[in-house]
Amino acid sequence: MTIEQRAHPWMALSAPGALQQMLDEIGVKDVAAVFEQIPADHYRKTPLDLPPALNSEIELKRDLVSKLRKNGDCETNLSFLGAGVWQHHVPAIVDEIVGRTEFATNVWGSYQSDHGRNQAWFEFSSQLGALLNLDVVQLPVYSWGCAIGHAIRMAARLTGRRKVLLPVLADPERLSVIRTYCQPSEMEDHIEVVTIATDPTSGRLSIADLKSKLGPDVAAVYFENPAYLGTIETGAAEIAGLARAAGAETIVGVDPLSLGVMMAPGDYGADIVTGPVQPLGVHMNCGGGVGGFIASRDEARYVHEYNGFLVSIAPTAEPGQIGFGLASSHQNSYGSREHGKDWTGNSTYLWAIAGAVYMSLLGPDGFREIGDLILSRARYAARLIGEVPGVKIVWPDTTFKEFIVNFDDTGKTVDAVNEALRARGIFGGKDISTEGHGLGQAALYCVTEVHSAADIRRLADALKEVCQ
Amino acid sequence: MTIEQRAHPWMALSAPGALQQMLDEIGVKDVAAVFEQIPADHYRKTPLDLPPALNSEIELKRDLVSKLRKNGDCETNLSFLGAGVWQHHVPAIVDEIVGRTEFATNVWGSYQSDHGRNQAWFEFSSQLGALLNLDVVQLPVYSWGCAIGHAIRMAARLTGRRKVLLPVLADPERLSVIRTYCQPSEMEDHIEVVTIATDPTSGRLSIADLKSKLGPDVAAVYFENPAYLGTIETGAAEIAGLARAAGAETIVGVDPLSLGVMMAPGDYGADIVTGPVQPLGVHMNCGGGVGGFIASRDEARYVHEYNGFLVSIAPTAEPGQIGFGLASSHQNSYGSREHGKDWTGNSTYLWAIAGAVYMSLLGPDGFREIGDLILSRARYAARLIGEVPGVKIVWPDTTFKEFIVNFDDTGKTVDAVNEALRARGIFGGKDISTEGHGLGQAALYCVTEVHSAADIRRLADALKEVCQ
Amino acid sequence: WDEPVIMELGRPGARGQLFPAPEPETGKAEIPAAMQRRDRPELPEITEFEAQRHYLHLSQMTLGMMGVSLFGTCTMKYNSKTAEAATLRPELAEVHPYQHPDTLQGVLEIIHDFDVILRSLSGMDQFVFQAGGGADAAYTMAALARAYWADRGELGERTEMVTSIQAHPCNPATAAAAGFTVVNLPLEENGYPSLDALKAAIGPKTALLMINNPDDMGIYNPEIREWVRLAKEAGALCFYDHANFNGVMSKLSARELGFDACMFMLHKTFGAPKAGGGPAVGAFGCSDALAPYLPAPVVVKQDGKYLLDDDRPKSLGKIREFWGNVPQVVKAYAWARAMGADGIAMASDISVVANNYMDKKLGEIPGLKISNPEIKSQRMEMTRWSLGPLAEETGVGTVDFANRMADFGIDPWWMSHEPWIVAEPFTPEAGELWSKQDIDLWIGVVAQIAREARETPELVKTAPHNQAIAQVDGSVFDDPEAWAMTWRAWQRKRGASGKAASGGV
Amino acid sequence: WDEPVIMELGRPGARGQLFPAPEPETGKAEIPAAMQRRDRPELPEITEFEAQRHYLHLSQMTLGMMGVSLFGTCTMKYNSKTAEAATLRPELAEVHPYQHPDTLQGVLEIIHDFDVILRSLSGMDQFVFQAGGGADAAYTMAALARAYWADRGELGERTEMVTSIQAHPCNPATAAAAGFTVVNLPLEENGYPSLDALKAAIGPKTALLMINNPDDMGIYNPEIREWVRLAKEAGALCFYDHANFNGVMSKLSARELGFDACMFMLHKTFGAPKAGGGPAVGAFGCSDALAPYLPAPVVVKQDGKYLLDDDRPKSLGKIREFWGNVPQVVKAYAWARAMGADGIAMASDISVVANNYMDKKLGEIPGLKISNPEIKSQRMEMTRWSLGPLAEETGVGTVDFANRMADFGIDPWWMSHEPWIVAEPFTPEAGELWSKQDIDLWIGVVAQIAREARETPELVKTAPHNQAIAQVDGSVFDDPEAWAMTWRAWQRKRGASGKAASGGV
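Chains as they are written, first to last, in our numbering: chain W, 1 to 468; chain G, 1 to 468; chain S, 1 to 505; chain E, 1 to 505.
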């Protein structure tokens with residue numbers, strides 16, 4: 001209830017006298033009067049203790065910029081971090097479009113007022129569907145892990161079963177999210193998470209172990225392609241076939257950037273497909289660029305289990321004209337509260353627009369090119385790093401953009417190697433030594449289209465120095 | 001006449017077969033055929049020798065960014081450079097608006113297709129007119145120097161005289177442009193540039209010298225307020241009165257950011273007013289942010305001498321509606337070629353939009369605040385620097401944002417001082433020792449709203465170290 | 001613009017983005033044969049300019065708060081471009097969350113500083129930002145309650161979540177998805193559930209209470225202290241859904257009212273852009289007692305350095321990968337710093353005054369009826385209204401109004417969350433952004449449409465009339481034979497008609 | 001949007017931008033009393049959001065190449081956002097030209113590298129970028145010629161500039177402003193001046209020849225080599241205005257044709273955005289012999305370092321402060337690198353093929369007439385056309401067409417520079433950007449308007465009908481009593497009418 005001397009640029013009614021004018025119209029004597037509903041003893045006793053206001057843009061900008069400049073970043077440094085957030089090139093047009101105030105605004109309007117946004121959303125789903133060879137793609141949920149969680153719960157509802165099989169070599173980050181979605185074992189609707197062993201020669205799923213665990217209680221088999229540690233699952237069709245035979249759903253996680261060169265999951269029997277949205281034109285944003293998609297065949301049994309927004313084409317009152325709107329929206333939590341399919345809310349829909357722009361820029365040839373490029377450079381990196389004395393590539397030549405580098409024979413820890421690299425302006429791969437995969441002192445390296453052959457040589461040379 | 005393997009993203013007709021389709025429609029056999037007008041012996045013999053193409057955005061961005069990162073900049077460093085380009089705060093909204101593709105595009109449309117741009121232009125002139133207290137403001141020309149050049153030529157045409165008086169303490173950069181506009185002395189229409197001496201106690205114009213040089217051959221008196229070396233010309237009204245009495249035009253150059261606290265030139269008798277546009281929301285851009293305005297009273301004799309674009313409000317076919325268009329446009333070089341008033345062409349009109357947004361954000365109170373702030377901080381800086389042993393402020397307490405620092409008694413050159421400052425992340429003031437003003441080892445320091453008191457102390461402390 | 005779907009644009013072989021060929025020394029690598037893609041994905045083939053122009057057209061065909069939006073429950077604010085620009089810098093955009101914390105000191109400092117700001121606003125002891133929106137923060141609460149009760153060995157017994165029927169759907173929905181049974185309390189005439197109902201609902205099975213206050217009707221539950229006391233007496237955790245924080249910020253402290261935890265929507269109350277549905281952030285805060293159960297990592301300050309504390313054995317695990325939508329956190333921090341304590345207090349004042357001004361003016365339009373009309377007090381920062389009388393008289397309802405508003409450059413209003421407690425509801429909220437001119441314009445449009453409803457109801461019912469497209473026919477949305485969520489599906493279901501009309505791919 | 005003028009918006013005391021108060025330790029300073037401002041400037045008082053919304057509306061009310069623009073003489077290109085984004089980085093935006101060159105190595109390297117690219121394209125030996133546009137580059141040529149002749153002691157005698165009547169107005173205008181007498185050569189039936197006329201014009205008074213080729217009719221002067229030879233024989237300098245470079249880039253070398261100097265418009269041919277009229281760059285290049293006269297500074301490379309060479313005693317001085325619109329130079333460099341030699345050659349091929357395709361299609365529309373119809377050769381990259389026959393038949397002229405085109409989302413065409421050599425002219429140019437679909441759409445609109453001119457001429461003459469405003473009444477533009485270049489002037493001349501209509505400031 002303080003009155004500032006100067007009007008604040010973000011509050012029109014902070015102009016002198018403006019609020020009083022309204023109070024007069026309402027017919028109350030002061031601001032306190034409009035708060036009459038709040039009992040006196042509810043008011044806070046502790047005064048607000050906030051840092052000094054930075055009312056002026058010039059101070060605000062300086063505060064933000066001077067703090068952010070304390071970060072190191074992957075433009076200044078050479079980074080090989082991946083594992084859920086990857087450094088890919090973001091075309092400038094994508095930044096332009098998602099930055100347009102019409103899109104980057106508070107408002108979420110209607111089909112009528114926001115036709116353009118709805119169309120862009122539909123184009124996201126349509127283009128992703130073309131990559132996946134699937135007919136239904138939901139607008140993205142919070143993250144890939146969340147997408148997998150929802151997909152598993154969809155499968156549980158579809159099958160009435162409460163067990164999911166997934167690879168033991170799972171990303172601990174995504175796995176932790178999945179476990180959250182599957183509820184603790186004390187709860188009635190708990191979904192049991194059972195891991196499938198790895199073929200130690202290839203890093204791929206052990207078909208034998210899968211077969212031994214598949215049964216009439218399994219709701220779904222989940223695997224990734226490429227997998228968490230970069231390996232390509234060549235047995236995908238066989239896995240899907242086995243799952244189907246057991247009455248389980250096949251849920252797959254894919255890297256959309258691989259789909260110019262890798263088979264579409266719709267073509268090897270996946271029922272529900274998930275994946276990350278961030279590679280499709282979203283900056284890493286310190287992990288704040290993630291989003292996850294869910295897709296499936298266009299069958300009512302699947303469509304009726306989606307939790308979020310499905311944008312459908314629809315006719316309008318004008319013959320021949322098309323518009324867009326949300327299909328089957330009654331089933332989400334806005335429509336059905338606790339009886340809805342899981343829940344939805346504000347999600348990561350701006351990244352759907354980023355993805356739509358990104359995919360349209362690449363087209364079929366661009367996806368093929370980027371896939372080839374990443375593959376070639378990642379294999380080149382693995383080759384060069386593998387030549388560093390004491391350094392071994394685990395499962396070489398089976399990967400897409402990520403691969404495992406083992407340092408056991410150098411006598412150094414990943415932590416020590418990465419610290420030495422950091423001093424040279426290089427961010428080494430993610431340390432996976434503590435993840436319990438039994439891979440020793442190992443790091444997960446990620447190589448993408450942003451890494452030139454010269455960058456890779458710079459890394460290899462630095463590793464040679466560091467590992468001596 | 002090469003055919004690339006892949007279509008280029010910036011050329012739709014580079015898609016395979018697209019050009020052939022057109023050749024077929026035209027009915028010629030190959031691309032060479034459409035060049036039939038060019039005689040064979042006109043074709044270049046030396047093959048093009050260009051660096052390798054960076055077709056991919058990823059390579060192009062990397063090339064640009066890695067090169068630009070070799071620059072030092074005034075965000076990373078603390079800079080006190082001014083003198084024609086000044087470091088001011090650019091509000092984020094200004095960047096947004098001038099970056100909108102609708103504005104930052106190749107196209108220059110018509111009053112009808114580009115109503116919004118024309119209105120923004122009109123608002124630039126209108127708001128600047130409110131600051132200047134003048135009724136006619138032209139869209140900006142290339143730079144302040146060019147604006148002065150055009151203004152002097154306007155005055156010469158208006159008076160039929162061929163001499164201009166201006167302060168001897170002139171910015172050599174602007175003066176060189178002015179001399180270019182005034183033509184060499186060998187030429188028939190040469191305008192003689194005569195300098196007026198300085199009052200050595202204040203840095204202001206010597207009224208006595210001015211009086212001695214004013215005569216029936218003087219087309220115009222030009223002075224700046226604040227002047228090149230930062231001094232405020234308190235005798236402005238007297239100068240204008242003397243000029244008027246002699247039948248000469250008074251041309252003034254002003255810093256628009258000073259006009260919240262300094263008297264509007266329209267109020268002390270200026271006939272034609274010029275100034276820089278860059279302070280009004282344009283980044284320094286390595287000098288590529290400059291633009292210059294010209295303004296005057298709304299009298300036909302002035303209006304008929306402008307060289308460029310004057311945007312006027314106008315009625316439309318719809319009663320009560322207003323639109324915008326170019327007034328008196330026949331007189332420019334598009335309309336009249338060599339008989340036009342000087343010449344015009346593409347100029348710096350995007351900065352008119354920047355200026356319109358900037359001025360609207362500040363409003364009357366913002367201009368007052370920024371003027372007070374700059375003044376207070378600049379005086380504080382002068383005071384602190386003046387306390388450094390051996391360092392003197394020339395003409396203290398007479399300046400707006402710039403002031404002269406003399407290092408003679410430190411025994412160091414400005415060059416040496418600046419080099420030492422640079423090693424400390426500080427860009428010292430512009431070295432004016434070699435400009436012939438007789439001010440010794442002197443630098444022109446600029447302090448604006450971006451310099452906090454702490455920044456200023458950092459400078460003063462560094463100077464103490466450096467000058468020991 | 002009559003803008004085709006992107007799949008209809010372009011020509012074979014056109015490119016919008018090229019990639020460099022692998023350097024010769026890298027050699028040629030291939031995907032294992034079994035996994036190679038053989039078909040060519042059916043994506044558009046267009047130039048960079050065509051992609052840009054297309055999506056610029058779509059942006060221009062999106063109203064996007066270019067007019068006036070008083071969209072209730074979402075607290076329309078100015079989204080600072082200064083903050084936006086800061087987050088687009090490589091120093092944040094090109095940062096990886098697995099970088100060594102030494103290289104993350106800037107962003108961790110901002111997160112920590114903002115945490116401290118939220119602590120002051122709420123009285124809580126620790127905030128995390130992992131949740132991707134308000135609903136996800138509610139889910140965080142439910143998951144935290146599971147961890148809390150599991151830690152006590154009582155998860156098997158504590159199976160119920162109690163809330164009110166007016167609470168946002170995300171509370172019951174996330175609690176249910178987390179495995180709890182939802183107990184909904186009905187509303188009394190005074191606008192909130194009775195203490196008796198609460199007492200009846202609460203007991204040894206109650207794991208947690210999830211409640212907002214004030215509600216979307218603009219009614220403040222004056223018994224909320226007693227609610228919390230009773231719930232805690234029964235051992236339950238109490239969660240304050242601060243979705244409607246704008247009217248009470250600086251006035252209330254969740255902790256002083258007794259709550260164990262609360263959440264703020266940074267994309268609403270704290271001025272980060274919601275961007276048409278996220279990325280969003282539900283900032284979740286709780287007391288020291290609950291902090292061990294928070295999702296990891298938590299940003300902490302130690303000896304002047306900022307760290308990511310991942311070693312939290314009692315943690316509920318993860319709600320989502322990484323530590324949240326960091327750029328949105330930075331924007332929210334920027335909002336709080338730009339406003340300051342005085343600005344935040346003033347914003348709350350303004351938002352409540354402006355809402356009551358709106359109530360006064362809306363009350364003058366015949367056919368509109370305020371929710372809970374028997375309550376004569378001034379409402380909080382938004383008020384639920386009903387078009388019931390007008391709809392009965394004219395047949396024109398709230399959906400028709402929303403469609404028609406777009407014709408005036410006004411974003412459609414928010415109607416109501418489910419269930420619709422009043423007939424033909426709408427819920428305006430002014431917040432602190434808008435000017436009196438804007439609010440008067442908005443009310444003028446509502447009054448105008450109300451007149452049209454009487455005079456030319458068809459005009460309203462067939463709206464919009466000057467938007468990019470005519471009224472969408474929603475009948476396909478629940479028809480598996482007709483819906484089409486992708487161009488592939490559309491082509492299959494509608495045959496070649498759409499394709500042919502536009503000239504083909 | 002029915003968007004008021006900004007001076008009509010807001011309310012007293014509203015703020016869009018605050019500045020910090022001076023720190024207490026700085027003390028209070030004042031402007032000398034004689035120079036203090038006492039009145040309050042009559043500026044709008046609005047919030048940050050209101051400023052943003054207003055100017056976003058104005059941007060949306062600007063067609064700005066969101067459709068198809070074949071604006072001749074300006075070579076519409078794609079303006080790379082990649083390049084734009086690079087120039088907005090602090091590493092360029094926050095750089096001061098007086099920084100020590102050691103801190104400018106990045107930008108100097110780009111300027112130098114681009115200089116080298118332009119040298120290859122033109123055969124010249126040194127480029128500078130100081131000129132703020134094409135016209136300013138022409139002025140640079142005139143000023144350089146002055147310095148050259150003054151250096152030889154002949155400036156008193158060499159007083160004439162020779163050009164063609166079809167040359168861009170900036171050539172005669174800048175030469176005249178620089179002090180030269182302009183000699184205009186008339187055109188012959190073949191579209192260019194005769195060699196006899198040239199011989200008659202050239203002599204000991206000729207300081208320089210300024211000429212473009214091809215011209216805007218799309219005609220290439222096959223005698224240009226002979227022109228240059230004759231002019232140089234007379235001692236004159238020869239300047240190639242490469243405004244129409246797009247059709248001949250990679251095909252011709254100005255230096256090989258004998259020219260001493262040339263200029264390129266980076267904001268047209270080299271893909272930097274013209275931004276509705278600048279900032280632009282006229283890149284000016286010349287031979288080693290003329291280089292001493294160039295405006296200072298010149299960027300040079302020495303021992304692997306880049307320097308600003310300011311020590312040029314014969315320099316003409318400065319055309320403009322500093323060294324040019326640097327961000328535009330960076331964008332042009334980016335364009336040249338992204339295209340590469342092959343891309344540039346292909347762009348030239350495409351632009352000439354596309355123009356001839358347009359000629360073919362335009363020729364099929366009754367009432368349109370090509371300029372110099374007796375010339376049957378394929379034209380270069382643009383062609384001047386005439387609506388003469390159609391205008392005689394219908395009274396609908398080129399201005400009417402331009403107004404009407406906007407109704408179809410098509411930017412108005414370029415008519416012609418002065419003088420209009422053909423009746424009711426228009427000058428389309430396709431360049432390399434547009435697709436066949438775009439070009440066909442454009443031609444379809446022209447054909448449609450031509451039909452309308454016959455069937456519903458009033459529709460065309462009163463256009464536009466779906467733009468933000470109706471047709472502007474230009475009668476005020478030459479009336480000192482009515483024109484109003486500022487809101488102040490408008491208020492004074494129109495009284496309070498405008499103000500009252502919108503509610504006042």
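Everything labelled a hint here was simulated from the structure, so no lab data went into it. Think of the CB as a built atom: it goes at the ideal place given N, C-alpha and C, for glycine as much as any other residue. Please note: incorrect hints may appear among the correct ones.
[Claimed, not checked] Heads up, simulated SDA-like pairs for lysine to any residue below, C-alpha to C-alpha not over 20 Å straight-line: (1) 493/E - 304/G; (2) 45/W - 341/S; (3) 314/E - 185/G; (4) 28/S - 426/W; (5) 412/G - 100/E; (6) 213/G - 241/G; (7) 70/W - 341/S; (8) 28/E - 241/G; (9) 360/E - 445/E.
[Unchecked claim] Have a look at the derived ranges for each label pair, beta carbon to beta carbon: (10) 201/G - 46/W: 55 to 61 Å; (11) 320/G - 41/W: 54 to 60 Å; (12) 195/S - 21/W: 26 to 32 Å.
When the hints from earlier in the document are held up against this structure, which numbers fail?
-> 4, 7, 8 and 12
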